[in-house]
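According to my numbering, the stretch in the sequence shown is residues 1 to 565, in order.
Warning: the hint list may mix true and false statements.
[As the list claims (entries may be wrong)] Think about it this way: if two alpha-carbon atoms lie no more than 25 Å apart in a straight line, the pair counts; the simulated DSS-like pairs of lysine-lysine are:
#1 K315 <-> K280
#2 K326 <-> K346
#3 K193 <-> K181
#4 K409 <-> K346
#5 K374 <-> K409
#6 K315 <-> K407
#7 K201 <-> K322
#8 K415 <-> K326
#9 K325 <-> K315
Read the hints as simulated data drawn from the structure, not as lab findings.
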Amino acid sequence: MKKIFILFITISFLYSCELEREPFNSYTEDKILADKEAAVEVLLNGCYAQLKGWSDVMHRVGEYPGDNIMIRGTSTDSFYSFISYQHIPDNGRLSVFWNNSYKIISQSSDLIKIISEGENAQIDQQLGEAYYLRGMIYFYLSRTYGRPYSQSPESNLGVPIVNGMPADIDNLRLPDRSTIKDSYQQAINDLKKAETLMTVKRSATYATKEAAQAMLSRVYLYMSGTYQNPNQEYASLAIEYATKVIASGNYNLLSRADFMKYNTFAPDAAGQTETIFAVKRVASEFSGFDHYYGIGGMYANIQGQGWGEMYASAKYLDLLRKSGKKNDARWAFIEPQYSVDASNNKTEAFRFVHDSYNASGVQTGYNYLQQPLKRNADGTFYINIGTDKYDLTEVDAAENSYSIVYKGKTYVGEKDFMMLLNRVYPMYYITKCSLQDNDSHLHSPIISRLSEMYLNMAEAYAKKGDYQNARINLNIVRERSIPGAGYTSLTSANAIQLIDEERQLELAFEAHRGYDVYRNGQTMTRHYPGPHRAMEDIPASSLRVIQYIPQSEINAYPGTLTQNQ
């Protein structure tokens, strides 16, 4: 009997794509070989379909451990362990991520085994897409469950390399986890093979040669060591592959005005020139559940949909403010929620972040405080906190920046308007993961886009000590968002800070930050309001910078599957 290829797709997905094919469970090896192009199309669509559930967890596990967001309070949802760093071995979301990942690996591996390359360009393109998907997934698995590459990749564990179902299913025993070095090498081998096979120009909703090159640039950047101890060979390769993407001419940075609407473009929209690869979601398959429990629904309530329980962190907002006068285009993805009276008028206010202490006088975190703004007879400002009056001192009136002495300490805050609070936190909505085609929280998660390539080159050049080229590439991204604010000098003294800040600003809410800090050997600091442990810094050496493999997967695994500590 010929092996049946198990398609990890749903009947509804086939209907939504209007594919008139035989039932998915009838695709035997004979039928695939009889009509390769049609069969491979359906099999590949199954892989792409798996990315939809996979990408939801991919976003959360990459973004929530970072310092771009805060949540209004603790949660019983398993995603809270990503925020709190109180990891649990049985995390339902990570089980979805693990299972979807290996379904894609399994199905793409079956395609690779049965389809021979070299028959025609279309078959080779499809085969290359399978290699791309497998390589990308191995990389994402490795960075989630394996320690940063700069930390002993020859001995630290990555993930099991299981490229398809073994021939002897009756005596099935799968291998334990490979090393990080071997796991990354598997991803590299697949992505390089994909690069050679794919020649067809496709939209950003499908894998392409440039998508493989973009992912290779990122993989090599992750392998390029820290700023203090760089690996220049891998830094050079990160530059080489980013250069290939840029030189292809298939992508262009959006104008500043269009970038400020980036979230509204579908990845294959006519005006979308920047996205290299994204997991496409469409309104017809985006349920009411998705509008509340999906990525964007946690960040905002838009058009009456979404919980709106997570907001931009005070740290991220301060980064945006550094450019001055809210000139940074990336403010477009932050929407403060102001309170208004019956006439729709706002109330002037002063808002600042202050230290908070317990009854013993030990600092436990940070809190927001906002009060309506009042004027003294001489025109200066003050606020009342309780029955006490606090005068404000001008720091920079053009920036609405003032200071206050509160409980014996001087704090700098912002002259603004009274904002709506969720519990005690001002509601700074995030819209970068919402409003595709003006549909509240419809969103196609971004895997790669062109601005990352310039940022990859900036970091890699800095690690090579070439600060001139690092500055040139950094300013390409910076000046798109803040015209005229390009850096005139980049040196060993300031490069780390400026490159990391620009990367954080540009790639926020795209699932990079939770990895970028640790792969460079840095410490995650979250000294801002929120229910997280604000006084606890997480160094790159912490056991909690990687996730537990779900215990349910270890229990079901046919062989040894070593758990993280």
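Consistency of the hints with the structure:
In summary, the hint linking K315 to K280 is not supported, as the alpha carbons are separated by about 30 Å, beyond the 25 Å threshold. Between the alpha carbons of K326 and K346 the distance comes to roughly 19 Å, so the proposed pair stays at or under 25 Å and holds. In summary, the hint linking K193 to K181 is supported, as the alpha carbons are separated by about 18 Å, within the 25 Å threshold. Restraint check: the Cα-Cα separation between K409 and K346 comes to about 29 Å, which exceeds 25 Å; the hinted pair is violated.
Restraint check: the Cα-Cα separation between K374 and K409 comes to about 21 Å, which is no more than 25 Å; the hinted pair holds. Proposed proximity of K315 and K407 is supported: the alpha carbons are some 22 Å apart, at most 25 Å. With a C-alpha separation of about 40 Å, the suggested pair K201 and K322 falls outside the 25 Å cut-off, and the hint is violated. Distance hint between K415 and K326 is fulfilled; the C-alpha atoms sit about 13 Å from each other, no more than 25 Å.
Under the criterion of a C-alpha separation no larger than 25 Å, the hint pairing K325 with K315 is consistent with the structure, at around 17 Å.
The structure does not agree with the numbered hints 1, 4, 7 stated previously, though it agrees with the rest.
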